[in-house]
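Work out the full structure, taking the sequences as your base and the hints as a guide.
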Amino acid sequence: MPQMTMIQAITDAMRVELARDTNVLLFGEDVGKYGGVFRATAGLQDEFGEDRVFDTPLAESGIAGLAIGLGLMGYRPIAEIQFIGFIFEAMDSICAQAPRIRYRTNGRFHSPITFRAPFGGGVKTPELHADSLEGYLMQTPGLKVVIPSNPYDAKGLLISAIRDNDPVFFMEHMKLYRSFRQEVPEGEYTVPIGKANIVREGTDVTIITYGAMVHTSLKAAEEIEKKRGVKVEVIDLRTINPIDTETVLKSVEKTNRAIVVQEAQRTSGAAAEIIAQITEKGILYLEAPVLRVTSPDTVYPFGMIEDEWLPDPTRVIEGIEQVLDF
Amino acid sequence: MRRIISGQIEGIEPFSILDVSGNVVNEEAMPKLSDEQLRDLMKKMVFTRIWDQRAISLNRQGRLGFYAPVAGQEASMVGCESAIDKEDFILPTYRDIPQMIMHGLPLYQAILWSRGHQHGGEIPENVQAFVPQIIIGAQYVQMAGVAMGIKKRKKKKVAMTFIGDGGTSQGDFYEGMNFAGAFNLPAIFIIQNNHYAISVPREKQTAAATLAQKAVAVGIPATQVDGMDVLAVYKIVSEAANDAKNDEGPALIEVSTYRFGPHTMSGDDPTRYRSKEEEKEWEEKDPLIRYRRFLKNKGIWTEEEEDKLIEETKEEINQALKKADAYEKMTISGLLDSMFEVTPPYLEEQKALFAREGK
Chain A
0 MPQMTMIQAI
10 TDAMRVELAR
20 DTNVLLFGED
30 VGKYGGVFRA
40 TAGLQDEFGE
50 DRVFDTPLAE
60 SGIAGLAIGL
70 GLMGYRPIAE
80 IQFIGFIFEA
90 MDSICAQAPR
100 IRYRTNGRFH
110 SPITFRAPFG
120 GGVKTPELHA
130 DSLEGYLMQT
140 PGLKVVIPSN
150 PYDAKGLLIS
160 AIRDNDPVFF
170 MEHMKLYRSF
180 RQEVPEGEYT
190 VPIGKANIVR
200 EGTDVTIITY
210 GAMVHTSLKA
220 AEEIEKKRGV
230 KVEVIDLRTI
240 NPIDTETVLK
250 SVEKTNRAIV
260 VQEAQRTSGA
270 AAEIIAQITE
280 KGILYLEAPV
290 LRVTSPDTVY
300 PFGMIEDEWL
310 PDPTRVIEGI
320 EQVLDF
Chain B
0 MRRIISGQIE
10 GIEPFSILDV
20 SGNVVNEEAM
30 PKLSDEQLRD
40 LMKKMVFTRI
50 WDQRAISLNR
60 QGRLGFYAPV
70 AGQEASMVGC
80 ESAIDKEDFI
90 LPTYRDIPQM
100 IMHGLPLYQA
110 ILWSRGHQHG
120 GEIPENVQAF
130 VPQIIIGAQY
140 VQMAGVAMGI
150 KKRKKKKVAM
160 TFIGDGGTSQ
170 GDFYEGMNFA
180 GAFNLPAIFI
190 IQNNHYAISV
200 PREKQTAAAT
210 LAQKAVAVGI
220 PATQVDGMDV
230 LAVYKIVSEA
240 ANDAKNDEGP
250 ALIEVSTYRF
260 GPHTMSGDDP
270 TRYRSKEEEK
280 EWEEKDPLIR
290 YRRFLKNKGI
300 WTEEEEDKLI
310 EETKEEINQA
320 LKKADAYEKM
330 TISGLLDSMF
340 EVTPPYLEEQ
350 KALFAREGK
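Chains A and B are the protein sequences, given in the same order. At position 150 of the first sequence the residue is numbered 149 (numbering that gives the first Met the number 0), and the sequence of numbers has no breaks. At position 172 of the second sequence the residue is numbered 171 (numbering that gives the first Met the number 0), and the sequence of numbers has no breaks.
One or more of the hints may lead you astray.
What the hints assert, rightly or not - Just a few of them, taken from the derived set where beta-carbon distance is under 8 Å, the chain B residues facing chain A:
#1 V140
#2 N177
#3 P343
To be clear, the hints were calculated from the coordinates, so they are not data collected in a lab. Built from N, CA and C at the ideal position, the CB exists for glycine as well.
The following block contains the structure:
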């Protein structure tokens, strides 16, 4: 089985789908000849032609509107927004148009669109590149939001997203693009949207997390096991809308303690929703309140203070200790 | 200041074929239409006028919901829709209901859409149109995708979308046209310039002398047409459609028209921003009066048949109302099921919750 980075797995997923279904179209800024600013689409235009993989003018609203129109005509668009912070230019299409089309037309039309955008901190990008904007997206009825944390999931989830007949926003963490390799099967396979993954089994406390914070949480889990013999279960949500409440509740029922770790600011992201769901359905399992480990409620930080701003294993360990010692 | 190009494009004159008295002033531009086709344009305009009158009164009686009046814009709407084929695709705004009806949307569904019933947007499979767009400009960027889809499928078809004069100030207005130009797509962008965006006059939207000249910014052809002259609108749009179907790319058409009524029936009062004199001036250009004179001069239209048509239209509207009234009520469960192709567990859970309440 080939070893791939997450970005290679993403490219591979798009290659598989472009080859499988001629209705799949891939477009955005610099995705064609250049192969994308992160090389996510490298080689795809050569392989599938300019009719299938093409560059657009520099206008996010135009790109997202193009995706909607092509969706109405039976195509299956993969629309790339170069960096997450630029989605505000296209929020009407992403949040107010595509996710409502099936509903507005009672199923006469739908939007089988995959929006892709890199996000995430730790790589010293300029302003409005790294923000965790999943909170805005997950509050949109009709839009699924997927955030993979590793190459295997990235490929399987992206194939699922492309095949989904409703719009999916696929967020790709920049720090995870090339940070490690993993065995990724060749050809097609899918990872279901809406299903979490228990990436580390434990009995004492549950961490619910997603994106790059999966790795931060795993590090914290290892350290605290060494330090205090505490066995931490780590759940990688993989999809934050819909949330796999079943997996979360089952784990909390077992461990009786939980924290949610996210890179997004405290008053954004998915943490509050996860805690609300645990409170609604699992309050009798709890020995302590469910806490959040997040970034502070400021605008995304300047590059020179990014490392201090982002949650790290130390902050996660503090969170775990708080619920343990409650 | 050194000027590279002038800010204003000179010499664009609204194209017209009939004068206000219904005389042909541009014989060589006359579209080649049979008497029956010429009469058909009048029938559609009469239908639209009667529908508008009935819709306004139904709205006042509480039997219709959201409604944006169209009286005065009949030549614009009928001329545009008649110039394309049933296979061509329309992306309408909330005011463009008549074009959708002409294009095949059953009248009772237009009534349901106005009332806020989901079935109103369930466009029949054989009708090539999207639901009316509320977000001004969104239809322009979506149009690029629709037209690109047509082009990629190698269909000899065109897509047509509408916007008002105020809408030309939106970013999506520019982006949609720019994409269509850059990809050379079969797209017709119509501006129905009725000279007001709610209360804001056209002059406060832009310093540009015409709205048509905005096409210069995206490198596509444009023209301005007298929107109170159905033959002129028909002629210009037909030519643009023909060019687009022959892969000659998109066009922008500014149709100069006027709405006799308010912006919508949701509380707008035009007397606060328009003068009686101005309204009178436009009423003299009434597209129905002008075209009726033309047809009568040709001896192919009579008062009697117009009266008969009006009665038939009223009856058609009554029948549609009955059908709309009888249409099954929506349920929360139905709404939840229409969110996704496959209803996920969290929505099933909510369905069960509302089912208990009988919703």
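Here is how each hint holds up against the structure:
1. V140: holds (2 Å)
2. N177: holds (6 Å)
3. P343: holds (5 Å)
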